[in-house]
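Peer 1: The chain contents come next:
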Amino acid sequence: MASSTAACDTGPGPEAMASLSRHWAEAPTLRNWFATVDHKRIGRRYLVTAGVFFGLAGASAVALRTQLAGPEAGILSAWEYNQLFTMHGTAMIFLFSTPMLFGFGNFLVPLMIGARDMAFPRLNAFGYWVFLFAGLFMWASVPAGAAPDGGWFAYVPLTDERNSPGLHLDVYTLGLLFLGVSTTAGAINFIVTALKLRAPGMSLNRVPIFVWAVVATSFMVLFALPVLNLDNVLLFLDRRFDTRFFDPGRGGNVLLWQHLFWIFGHPDVYIIVMPALGIVSAVLPVFCRRGIVGYPLIVFSIVAIAIISFGVWVHHMFATGLPQLSYGFFSAASTIITIPSGLQIFAWLATMLTGRIVVRVPFLFVVGFLVTFVVGGVTGVMFALTAFDQQITDTYFVVAHFHYVLFGGAVFPILAGLYYWLPKLTGRMAGERLGRWAFGLVFVGMNLTFLPMHVSGLLGMPRRVYTYPGGLGWDPWNLLATVGAYVLAVGLLLVVAGVIHALRRGEPAPDDPWGGDSLEWATSSPPKPYNFPVIPRVHSLHPVWDPRTAESTGVGADGDRILAEGRGTLLTSELDGRYERAVRMPQETLKPLVAALGLLIVFLGLLLAGYWVAAAGAALVVVTLGAWLWPPRQTPEEADPAVGGGAV
Amino acid sequence: MTPDGIRTAFGPAGLTTEEPVGRSTAWWGVTLFVATEGTVFAALLGSYFYLRFQHGAPWPPDGIARPELLLPLIMTAVLVPSSLPVVWAESGIRRGRRWQLRAGLLATLAMGGTFLGLQGVEYHGLLREFTVTTNVYGSLFYVITTFHGAHVTVGLLMVCWLLAASLHDGSGARRREQVRVVAYYWHFVDAVWVAVLFTVYLSPRL
Amino acid sequence: MVGRRLTEPRRRPGVPVARVLGCGLLVLLAGCTEGAPSTLDPAGTGARRVAGFWWLLFGISAAVFVVVMALLTWALAFRRRPHRRAGATDPIRFVVVAGAGVPFVVLLAVYGVGLRDLAALGQPTEPPAVTVDVTGHKWWWEVRYPGVAGATANEIHIPVGEPVRVRLRTVDVLHSFWVPQLMPKTDLIAGKVRETWLRAERPGRYRGQCAEYCGLQHAHMAFQVVAQPRAEFDAWLARLAAPAPAPASDAERRGQQAFLQGTCAACHTVRGTSATGTVGPDLSTIGARWSLGAGAVPNDGGHLGGWIVNSQTVKPGNAMPPQPVDAAALPDLIAYLESLR
Chain A
1 MASSTAACDT GPGPEAMASL SRHWAEAPTL RNWFATVDHK RIGRRYLVTA GVFFGLAGAS
61 AVALRTQLAG PEAGILSAWE YNQLFTMHGT AMIFLFSTPM LFGFGNFLVP LMIGARDMAF
121 PRLNAFGYWV FLFAGLFMWA SVPAGAAPDG GWFAYVPLTD ERNSPGLHLD VYTLGLLFLG
181 VSTTAGAINF IVTALKLRAP GMSLNRVPIF VWAVVATSFM VLFALPVLNL DNVLLFLDRR
241 FDTRFFDPGR GGNVLLWQHL FWIFGHPDVY IIVMPALGIV SAVLPVFCRR GIVGYPLIVF
301 SIVAIAIISF GVWVHHMFAT GLPQLSYGFF SAASTIITIP SGLQIFAWLA TMLTGRIVVR
361 VPFLFVVGFL VTFVVGGVTG VMFALTAFDQ QITDTYFVVA HFHYVLFGGA VFPILAGLYY
421 WLPKLTGRMA GERLGRWAFG LVFVGMNLTF LPMHVSGLLG MPRRVYTYPG GLGWDPWNLL
481 ATVGAYVLAV GLLLVVAGVI HALRRGEPAP DDPWGGDSLE WATSSPPKPY NFPVIPRVHS
541 LHPVWDPRTA ESTGVGADGD RILAEGRGTL LTSELDGRYE RAVRMPQETL KPLVAALGLL
601 IVFLGLLLAG YWVAAAGAAL VVVTLGAWLW PPRQTPEEAD PAVGGGAV
Chain B
1 MTPDGIRTAF GPAGLTTEEP VGRSTAWWGV TLFVATEGTV FAALLGSYFY LRFQHGAPWP
61 PDGIARPELL LPLIMTAVLV PSSLPVVWAE SGIRRGRRWQ LRAGLLATLA MGGTFLGLQG
121 VEYHGLLREF TVTTNVYGSL FYVITTFHGA HVTVGLLMVC WLLAASLHDG SGARRREQVR
181 VVAYYWHFVD AVWVAVLFTV YLSPRL
Chain C
1 MVGRRLTEPR RRPGVPVARV LGCGLLVLLA GCTEGAPSTL DPAGTGARRV AGFWWLLFGI
61 SAAVFVVVMA LLTWALAFRR RPHRRAGATD PIRFVVVAGA GVPFVVLLAV YGVGLRDLAA
121 LGQPTEPPAV TVDVTGHKWW WEVRYPGVAG ATANEIHIPV GEPVRVRLRT VDVLHSFWVP
181 QLMPKTDLIA GKVRETWLRA ERPGRYRGQC AEYCGLQHAH MAFQVVAQPR AEFDAWLARL
241 AAPAPAPASD AERRGQQAFL QGTCAACHTV RGTSATGTVG PDLSTIGARW SLGAGAVPND
301 GGHLGGWIVN SQTVKPGNAM PPQPVDAAAL PDLIAYLESL R
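Residue numbers (this note's numbering), protein chains in the order written: chain A, 1 to 648; chain B, 1 to 206; chain C, 1 to 341.
For the record, the hints were derived by calculation from the structure and aren't laboratory data.
Be aware that one or more of the hints could be misleading.
As the list claims (entries may be wrong) - Output of the computed footprint for chain B on chain A, the stretches with three or more beta carbons under 8 Å from beta carbons of chain B:
hint : region
1    : 259–268
2    : 271–284
3    : 474–487
What the hints assert, rightly or not - So, partial list: chain C residues that the calculated Cβ filter (under 10 Å) puts toward chain A:
hint : residue
4    : A47
5    : V68
6    : W178
7    : L237
8    : A238
9    : L240
10   : A241
Quick reminder that beta carbons are idealized off the backbone N, C-alpha and C, glycines included.
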């Protein structure tokens, strides 16, 4: 199970290596900081930015819990509370979880498939800038006193212009539309990268589970996000231009908002959880010293969840009075979707039971995930059953359920992935002891916060209430939850402290500290700008454990897998991973940033009713795109299809 | 085909493996983009039917007349065939004939522009009867057709860009890919129009 | 070499804390429902059915959790045992049976039970004896009975043991009608009339609360369902139909004058007087109500005075502006209102 791709083992001689470095290096200038197209730098930025938004949304939650520590506490007004709980949910879902996981995807997918970058590096950069601007657009509304306050699902008629005057809900609709551009661009990029840029020999049945998860997630994004975008467009039009889509007095229908929202919203929760489950499938087997059990079953489960998730949305509407027949169907589908998740859980358990476990911090977070995700999963089955749902939806029981599946199902894997890939991301090891303390506090804090909420929900406490009366039996559970929130916050701060400490004084990391099996562990820590000096030939599901991989990058490797002249990577066929041709990767450019700024102008213009400003922003975007795609001056050799036209 | 070639094509290796060359990244990019934009239209047209059947008879409501068919059918006759000059332009650039590319694109531009003009004429007539704020029918009618018209406009901008770029230079692989991307988008816009025609103009009469 | 850097630490992983906490909390739960509008202390037919379903689901969930945790603990506890022999095939059948087969059977069974319960919740076994019309406002509940001229607010009376049809409308945004001890919730949808039913099995006062976020004061939109013996219910309904009691003392008379001549009558109704405003709740029985402001504050003189003078300090954002009542007139006004029972 050995592999190392230290420079002395590999095929390219010193001239080829020097040429690769020269073509791929991005000079450390200020311009290049804004103009980078390197997936590793962009991936890290996604992680940091999403982490900051997580901090803001988490601080909001601590404020909310402080207000709810006791009855009629009076620490936050209703006006403040309603904005904070809306921003907490909206930011956690849209500005933290998916971007954070897309950040992992950005950094890891090209590495795991043996490529040198994403298929569309400039689109990748554009996606990051749009994400940053959309996040700032939404968070800036908080100090401006105009933060969205309709809840993260913003039901009409509460959110129409009569019941929600002011800019709050315009920030919501426009902010999410803006963000949607980034998410869609990212999804297209992941799919094309995974289909076309895999190393030769990496057929579909040799693709790492994490990559399968990211690709399935991206397909879900492509079909779910447009429905949300439409919903937000219709709401914006109703609010700003008096259209009547949701106005029952003029023939509109309020339930349309809910249908469109949840047709997006349910797949969205799987969009959040699926890449995280992919992280578990990447991390767990390594600490069990074996490959994962049931690879085909897990791939099947991923695809099944992606498809079935589009057929369950009405379970969010069980109290709205739709026909019983439709409730029966959606309840059945919602129950069935448990099965693929169950398959994955038992595949992981089987991996642990037949492996040789080594306990390290990433593994601890995986265990934390297993415990909490199972709790969330069993309460989820309860909600699939209409009769029970109608009693318990919109209470703290559902708040408990979804925090177990989201914190358990997404945050624990994210933390596992953070500790696991920190060496690769930064070249440093995190301290094991501090990491274990962080895990302990996070695990205890999370359970102490959310377990009592099951009880207060069963005792009749509705959700989204800024306060509650004493004497109803809700007080002790709320106090416990608040204490838990503080413990959790300390644990998360320890995570941050650990990362910062690692960056400053952590042990320098070797290429492969954990003994991993996927290709990112065949690069240096952190990887060189070109990732692989020789793009490997893949022969199995565990390339780094397979000696044939190292042989393929050793002395005598084909020059057409080195591509030392210029910035190039390989295209291979979609199913078999058969070598097709080399393709040129673009240089650093400011155009993605300028295009994103143009979009920011568009959305600010729309928000503040400066429609000519918005039009000017749109013109800027169009002109920038025109210049971006304008063919560069090419020599006849460069225009030759054998060398390959450029990527986007 | 030579005997050797036949043996290769029909031998075990030839029959059990896929084609040597798959699709390009640009092909995948535009196909996925069309899939996601198509979903927006599917949701929008689905919302039309949802709102209509929740509203019940009469439809259109409030005494608005059912949409006239003549102008939309002419618009269809102008827009849908405009996919043909695009195909012709694509085949031109594949053979290295830039004049064919430019002529095809210009024809598409003319037909697409005519379509938009006719839509403007239609609006001019209808706005006297109902606007986007009159009721949900008005909102649906104008938002659906304007949304489609915006996609046509973007398509025409892309065609103009290709025309400008063709004046520059290059008939290499990259240019051919770009023409194909625009062509796929244009075909998509035409297909969506057929769905809009059915939903907005024909279905009230069914 | 793989594994060289990784050596086993001496400590064993701790017992999953969640299990300990979970068991302890559930023991507490069984005894802690005193005074709470608890779904697990059902007093109505619908809630009782769901409570039974809950215990079934909880039992199954607990069993699943225990099994998974046992496997996890086994894997962790025995991780240093000899590695299984080379050539052993992966336990795919175990994964499929445990991860898909067994869950499928269990899920099918609970789905069937759920369908049966859903059908039972759909309507009462006998036709409803009483109908009540409830209209949701931001942030109070308007309550009327068909055929009865009067109205009240935030309080519904029903006869014990008889099914009652509840018709639900909203004048503004979505709300949700939820009485945890009696019946699962039903949303109030703009533009539609929804229906649910209640059947209380024993007399009592049951708290309800709006369960669909409806804006600023969603937290203060509670109501009470009072289940009474039939005779008492009929008497109460008769009082609702009758005009409000006339003022008995001088203070109450002065209070009534202040009420009718001031701004109150523009928004509120008191039956049998010239006050016929319909913006705010009907006040004909305000003296007997369980709270003010739909659960915002208790109903006593002090709070009533505070509400009248400036309800914005009590329930910010509600539709009642501060009232210009001078300090001398206020006690009379309070006395009058408290006499309306």
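Peer 1: All hints, please: hold or fail.
Peer 2: Against the structure, the hints come out as follows:
no., hint, in the structure
1, 259–268, "holds (count 3)"
2, 271–284, "violated (count 0)"
3, 474–487, "violated (count 0)"
4, A47, "7 Å, holds"
5, V68, "5 Å, holds"
6, W178, "7 Å, holds"
7, L237, "27 Å, violated"
8, A238, "32 Å, violated"
9, L240, "26 Å, violated"
10, A241, "31 Å, violated"
Figure legend: structure checked against the earlier numbered hints; hints not met, in rising order: 2, 3, 7, 8, 9 and 10.
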